[in-house]
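Visitor: Throw the hints in and build the complete structure from the sequences for me.
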Amino acid sequence: MWLRDDGIVHLVWEPRSAMGFEDAVAATGAMARLTGGQRTPLLVDVRDCGPQDRPARLEFARRGDLVSAVALVVGTPLSRIMGNFFLTVSRPMAPTRLFDDEETALAWLSGSAE
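All letters in the sequence shown, in the order written, are residues 1 to 114 by my numbering.
Please note that a few of the clues may not be correct.
Said to hold, decoys possible - Restraint-style ranges between C-beta atoms, simulated for each label pair:
no. : residue 1 : residue 2 : range
1   : A30       : D5        : 32 to 42 Å
2   : G37       : L78       : 26 to 36 Å
3   : V25       : L3        : 15 to 25 Å
4   : G36       : P77       : 33 to 43 Å
5   : D53       : A107      : 10 to 20 Å
6   : I81       : D5        : 24 to 34 Å
7   : R62       : L3        : 17 to 27 Å
8   : R33       : D5        : 14 to 24 Å
Hints in this document: simulated from the structure, not taken from any laboratory.
All C-beta atoms in this analysis are idealised placements derived from N, C-alpha and C, irrespective of residue type, glycine included.
Guide: What follows is the structure, given as structure tokens:
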């Protein structure tokens with residue numbers, strides 16, 4: 001996870017790694033430290049991401065205090081299914097969309113930045 005020059009936080013998950021609640025808490029804590037607790041746009045590369053358990057999904061979804069918008073970059077049918085499941089079931093507090101490429105995702109996030 002890093003803060004880009006344009007103020008967007010960029011997160012790439014380790015390939016095929018399963019995510020539990022502790023991972024979600026660690027990631028949101030790292031983002032809070034990185035941004036000083038300010039709400040910022042978040043670009044998440046989930047193209048090769050493993051499964052998330054329900055507590056992890058709920059932790060990510062409820063953290064609208066940290067993100068102004070979230071762009072999930074999907075690249076496979078499986079990651080698109082997982083992304084749609086997250087949007088439908090977990091109902092994130094911040095505006096969240098799925099994208100097939102980083103360029104389009106970044107353009108949307110730049111327009112959504114507060």
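Visitor: Look at each hint and say if it fits the structure.
Guide: Do the hints match the structure? See the list:
no., hint, result
1, A30 with D5: 32 to 42 Å, "19 Å, violated"
2, G37 with L78: 26 to 36 Å, "33 Å, holds"
3, V25 with L3: 15 to 25 Å, "20 Å, holds"
4, G36 with P77: 33 to 43 Å, "38 Å, holds"
5, D53 with A107: 10 to 20 Å, "32 Å, violated"
6, I81 with D5: 24 to 34 Å, "33 Å, holds"
7, R62 with L3: 17 to 27 Å, "22 Å, holds"
8, R33 with D5: 14 to 24 Å, "19 Å, holds"
Hint check: violations occur at hints 1 and 5; the rest are consistent with the structure.
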